[in-house]
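Visitor: Sequence:
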Amino acid sequence: MIVVPIIFDILLVYLLFGNAMVRRFYTRRGRVRALLRDVERYYCHLLRRDRDILSAKQRGECGNAIDELSAAAKLEDVAPAEACLEKYQQGLTSLTIHGQSQLVAKGRLAWVPEYLEIFVVALALAFGIRGLFLQPFKIPTGSMQPTLYGIHPEEIEPSSPRPNPMVRFFQYLHYSRRYADVVVQRAGHLESIQPAKPGIPFFPATMVKIGGVRYRLPGTPEDLLRYSPRLEKCYRSLRSGTQDGLYFDEGEALAHCWLTLGDHLFVDRTYFAFHEPKRGDITVFMTDGIAPDLGGKYYIKRLVGLPGDELSIRDHKLYVKRPGDTEFRVVDESVSPAFRRIGSFQGGYRGYCHHPSSQYLRDNSETFVVPPNRYFMLGDNSENSRDSRFWGTVPRQNLVGRASFVWWPFLRRWGVADRQEPLDVPSPPNVP
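Those letters in the sequence shown? Residues 1 to 432, per the working numbering, in order.
Errors might be hidden in some of the hints.
Said to hold, decoys possible - In silico DSSO-like pairs for lysine-lysine, Cα to Cα no more than 27 Å straight-line:
{"no.": "1", "residue 1": "K297", "residue 2": "K197"}
{"no.": "2", "residue 1": "K321", "residue 2": "K278"}
{"no.": "3", "residue 1": "K297", "residue 2": "K278"}
{"no.": "4", "residue 1": "K197", "residue 2": "K138"}
{"no.": "5", "residue 1": "K317", "residue 2": "K278"}
{"no.": "6", "residue 1": "K87", "residue 2": "K57"}
{"no.": "7", "residue 1": "K297", "residue 2": "K138"}
{"no.": "8", "residue 1": "K209", "residue 2": "K233"}
{"no.": "9", "residue 1": "K138", "residue 2": "K278"}
{"no.": "10", "residue 1": "K87", "residue 2": "K74"}
{"no.": "11", "residue 1": "K209", "residue 2": "K197"}
{"no.": "12", "residue 1": "K197", "residue 2": "K233"}
Read the hints as simulated data drawn from the structure, not as lab findings.
With the hints as extra help, turn the sequences into a complete structure.
Guide: Shown next as structure tokens:
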């Protein structure tokens with residue numbers, strides 16, 4: 001997967017600096033010719049933009065300027081070409097539009113208006129595509145691991161050297177990793193955990209105050225509890241009403257890891273407009289009207305139960321009795337390759353399990369019938385997923401779309417969603 005980050009870096013550098021880098025290798029005639037073409041494009045753009053408000057004389061003058069610049073760019077002799085270029089850059093022409101001479105921008109920032117226009121058009125297209133076809137979605141939790149990863153920590157060896165700013169920049173650009181390495185400087189009690197203000201867009205941070213000293217850590221307070229076991233212990237103590245573990249010694253580590261921000265993917269919003277939901281689809285849906293405490297507007301789970309299905313979980317396998325059937329059948333690869341991976345007990349897949357605090361499918365004997373026009377959702381990380389076992393089914397109108405493509409970060413899951421085979425690492429179940 002290292003090829004994808006390399007290609008991305010090359011394209012990014014070329015997009016930002018490619019034009020200036022290439023022109024440094026031009027000959028004198030080549031540089032003049034390129035600048036003449038730039039001025040010619042400027043007048044072509046001006047003519048297209050303002051054709052409806054320009055007089056016939058002004059349109060004719062603008063056309064003549066385009067012809068003159070085009071002819072000068074074809075000259076073999078550099079001197080007259082430079083003279084033509086200088087005339088237009090200094091505004092030494094009779095062409096007057098909107099009451100002023102058309103002086104062409106000169107200097108290193110001449111490209112800014114053109115790039116700004118491209119950016120605005122691209123932004124408008126992006127919002128249009130988002131609203132109608134592909135919606136970007138960020139995986140917040142680990143309920144779909146290892147198919148899709150949410151925000152999670154990656155441990156670092158204690159003896160590893162501190163990465164330099166360049167390494168940290170590319171770790172974030174390629175792999176969505178933010179470095180967290182904070183040690184308590186002064187012993188004391190935990191005083192507060194608050195979002196950092198002012199916040200930086202796309203780079204949330206949390207301020208932790210211990211013994212009168214403030215520490216800045218990456219991520220939201222919720223993220224912080226995921227990658228700092230020490231602060232998670234404090235949070236549990238506060239919720240239980242005790243003061244255990246709120247004192248920190250000098251030199252104690254608050255965090256020493258990479259915080260990976262989770263998979264970012266595109267959701268195909270048009271899929272359910274032309275297809276009926278299928279068993280095995282990774283589905284994004286709205287939580288409106290499902291349960292009051294889900295904590296997010298959108299969820300992503302795997303659709304496993306269709307209207308009329310009777311479901312059962314036995315020995316870490318999902319069974320279904322379809323309408324009209326007389327017996328249960330195991331949901332396996334004959335339905336979707338995803339169910340073979342889930343039941344492989346490899347690479348983090350541990351099958352499906354029962355949860356004592358759930359409302360449905362709490363043991364091998366319990367079954368659940370999916371109501372009409374509703375769907376049953378389960379997370380691939382069944383042992384750590386709050387899904388339809390807890391809050392019931394999802395109505396048809398809440399379905400937003402199907403997971404389509406993981407576009408960032410550039411890890412093994414990059415590309416078409418739900419296609420990677422599990423790693424060859426045994427993953428026995430942890431719970432019944």
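Visitor: Give a verdict on every hint.
Guide: Results of checking the hints against the structure:
{"no.": "1", "hint": "K297 / K197", "verdict": "25 Å, holds"}
{"no.": "2", "hint": "K321 / K278", "verdict": "15 Å, holds"}
{"no.": "3", "hint": "K297 / K278", "verdict": "23 Å, holds"}
{"no.": "4", "hint": "K197 / K138", "verdict": "23 Å, holds"}
{"no.": "5", "hint": "K317 / K278", "verdict": "19 Å, holds"}
{"no.": "6", "hint": "K87 / K57", "verdict": "20 Å, holds"}
{"no.": "7", "hint": "K297 / K138", "verdict": "12 Å, holds"}
{"no.": "8", "hint": "K209 / K233", "verdict": "16 Å, holds"}
{"no.": "9", "hint": "K138 / K278", "verdict": "23 Å, holds"}
{"no.": "10", "hint": "K87 / K74", "verdict": "17 Å, holds"}
{"no.": "11", "hint": "K209 / K197", "verdict": "14 Å, holds"}
{"no.": "12", "hint": "K197 / K233", "verdict": "25 Å, holds"}
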